[in-house]
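Participant: Sequence:
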Amino acid sequence: MPQRKTQTKLTQTISNIVIENIDKKAIKKAAFDAGYWDPDELHNYIRINLLRNGKTRCNTAEFANLYTYAYGLVHVDAFQEAAVQTSFSQIYFDDYEHTLLVDFGCGPGTVALALAEMWEAEEGEPEGLPINYLGIDIEDEMLLLAEDFFNTPIFDEDLKITLSNEFIRVKNGVKPQKIIFVFNYLFSQSGISEYVESFITRIKRIISCLPEVDDIYLMYSNIDYCGEKNAFQNFLERLKEEGMLNKSQNTYIPSYEYNFRKFNNLDGENIDYFEGTPRYVYTEIFTLHRP
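The numbering used here puts the first residue of the sequence shown at 4, with every later residue one more than the last.
I should point out that these hints are in silico values taken from the structure, not numbers from a laboratory. Since this is a predicted model, take the numbers as computed values, not measurements. Hints are not guaranteed to be accurate.
The list that follows gives simulated cross-link-like pairs (lysine-lysine, DSS-like), each with its CA atoms no further than 27 Å apart [as the list claims (entries may be wrong)]:
id	residue 1	residue 2
1	Lys-207	Lys-163
2	Lys-243	Lys-265
3	Lys-265	Lys-207
4	Lys-12	Lys-28
5	Lys-250	Lys-265
6	Lys-181	Lys-243
7	Lys-8	Lys-178
8	Lys-32	Lys-8
9	Lys-250	Lys-207
10	Lys-207	Lys-181
11	Lys-58	Lys-27
12	Lys-12	Lys-163
13	Lys-178	Lys-207
14	Lys-163	Lys-174
15	Lys-181	Lys-265
16	Lys-31	Lys-265
17	Lys-174	Lys-12
18	Lys-265	Lys-32
19	Lys-58	Lys-265
20	Lys-232	Lys-250
21	Lys-27	Lys-181
22	Lys-250	Lys-28
Just the calculated beta-carbon pair ranges, DEER-fashion [unchecked claim]:
id	residue 1	residue 2	range
23	Gly-38	Gln-15	10 to 20 Å
24	Thr-9	Lys-31	38 to 48 Å
25	Pro-294	Ile-164	54 to 64 Å
26	Gly-38	Ala-64	25 to 35 Å
27	Gln-192	Asn-52	13 to 23 Å
28	Thr-165	Gln-236	46 to 56 Å
29	Asp-43	Glu-160	35 to 45 Å
30	Ser-193	Asp-43	45 to 55 Å
We put the beta carbon where it would ideally sit given N, CA and C, even for glycine.
I would like the entire structure built from these sequences, with the hints used as guidance.
Facilitator: See below:
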């Protein structure tokens, strides 16, 4: 995938909604007191000391903002790479208005944000993406942040947004004819194996609520091919047992190298590409059947 522009409507939106609401002075003082004296090390302080490499629960507005600052662009860029390396882009954008995107572990709506940026870059559309979306997350603060993003110009202004316990529903007024279940960087989370059965149950429930839909897909993208304690491979086996995935389905997950952007020094205008060890995203899209 060609290298993206560092600054876009999305990065400006993240700056306005997230970075402007972080107490920069307090964070920088705490980083200095913790021995991170070089301003270039501020990102490491946030990622390691505060977010514990992504393991801290984002159950406060502060942690939700810090997580999005530190990891938002990483996961956006990884998903965009996954989308173009698999058939996801074609499957989604060929019929995006009729496609219900179900984003498990949605955080601030990361997958939707990635697609909104792709929509702008590829289509040259001056208006926001008219997405049909269901985001699922256990953290209320992340869902509140997602709601803030959906109310910005990177998404269509006529979307109907409903926020409830553990989910956010965004309707574009078009009846779904296709479903894509997305698991983007969720299966690397600690303790995720405990949720496999609930994922199966929720997928079956969503499919049953849309009896007219026959085109059903599952998209996986992550830092590895198996997830924590082989959780994703176990998840695929359960899908086979439920008859939703062909028993002969090859579960090999290929990987692709990608570059990602990052904010620096809590400055929404200071964005560049990471220059360290290359990162890889493991990704594949599967066709599902009705149970």
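Participant: Work down the list of hints and note, for each, if the structure agrees.
Facilitator: So, going through the hints one by one against the coordinates:
Our distance criterion of 27 Å between C-alpha atoms is met by Lys-207 and Lys-163, whose separation comes to about 24 Å. Taken as a hint, the Lys-243 and Lys-265 pair is broken in the structure, with Cα atoms around 38 Å apart against an allowance of 27 Å. A distance of roughly 37 Å separates the Cα atoms of Lys-265 and Lys-207; the hinted pair therefore is violated under the 27 Å criterion. Distance check on the hinted pair: Lys-12 and Lys-28 sit about 26 Å apart at the alpha-carbon level, within 27 Å; holds.
At roughly 41 Å between alpha-carbon atoms, Lys-250 and Lys-265 are farther apart than 27 Å, so this suggested pair is violated. Taking the CA atoms of Lys-181 and Lys-243, the gap is about 20 Å. The hint holds against a cut of 27 Å. With a C-alpha separation of about 34 Å, the suggested pair Lys-8 and Lys-178 falls outside the 27 Å cut-off, and the hint is violated. Under the criterion of a C-alpha separation no larger than 27 Å, the hint pairing Lys-32 with Lys-8 is inconsistent with the structure, at around 31 Å.
At roughly 18 Å between alpha-carbon atoms, Lys-250 and Lys-207 fall within 27 Å of each other, so this suggested pair holds. Restraint check for Lys-207 and Lys-181: satisfied, since their Cα atoms lie roughly 15 Å apart, inside the 27 Å limit. About 22 Å separates the Cα atoms of Lys-58 and Lys-27, which keeps this hinted pair within 27 Å; it holds. Using a Cα cut-off of 27 Å, the hinted pair Lys-12 and Lys-163 holds, with the two alpha carbons roughly 21 Å apart.
Of the supplied pair hints, the one linking Lys-178 and Lys-207 holds, its CA atoms being roughly 19 Å apart against a limit of 27 Å. For the proposed pair Lys-163 and Lys-174, the alpha carbon gap of about 5 Å is at most 27 Å, so the pair holds. For the hint linking Lys-181 to Lys-265, the alpha-carbon distance of about 33 Å lies beyond 27 Å, and the restraint is violated. In summary, the hint linking Lys-31 to Lys-265 is supported, as the alpha carbons are separated by about 17 Å, within the 27 Å threshold.
The straight-line distance between the Cα atoms of Lys-174 and Lys-12 is roughly 22 Å, inside the 27 Å bound, and the hint therefore holds. A distance of roughly 21 Å separates the Cα atoms of Lys-265 and Lys-32; the hinted pair therefore holds under the 27 Å criterion. Of the supplied pair hints, the one linking Lys-58 and Lys-265 holds, its CA atoms being roughly 19 Å apart against a limit of 27 Å. Distance hint between Lys-232 and Lys-250 is fulfilled; the C-alpha atoms sit about 22 Å from each other, no more than 27 Å.
Between the alpha carbons of Lys-27 and Lys-181 the distance comes to roughly 43 Å, so the proposed pair goes past 27 Å and is violated. With a CA separation close to 55 Å, the supplied pair Lys-250 and Lys-28 exceeds the 27 Å bound. Separation of Gly-38 from Gln-15 is about 33 Å and departs from the stated range, judged on CB atoms against 10 to 20 Å. Between Thr-9 and Lys-31 the beta carbon distance is about 23 Å. The supplied range of 38 to 48 Å is therefore violated.
As the Cβ distance of Pro-294 to Ile-164 is approximately 29 Å, the hint placing it in 54 to 64 Å is violated. The supplied range of 25 to 35 Å is met by Gly-38 and Ala-64, whose beta-carbon atoms lie about 27 Å from each other. Distance hint check for Gln-192 and Asn-52: the Cβ-Cβ separation is about 19 Å, which falls inside the suggested range of 13 to 23 Å. The hinted window of 46 to 56 Å between Thr-165 and Gln-236 is violated, with their beta carbons roughly 34 Å apart.
Taken as a hint, the range 35 to 45 Å holds for the pair Asp-43 and Glu-160, whose Cβ atoms sit roughly 39 Å apart. Taken as a hint, the range 45 to 55 Å is violated for the pair Ser-193 and Asp-43, whose Cβ atoms sit roughly 29 Å apart.
The structure fails hints 2, 3, 5, 7, 8, 15, 21, 22, 23, 24, 25, 28 and 30 (numbered hints given earlier, in ascending order).
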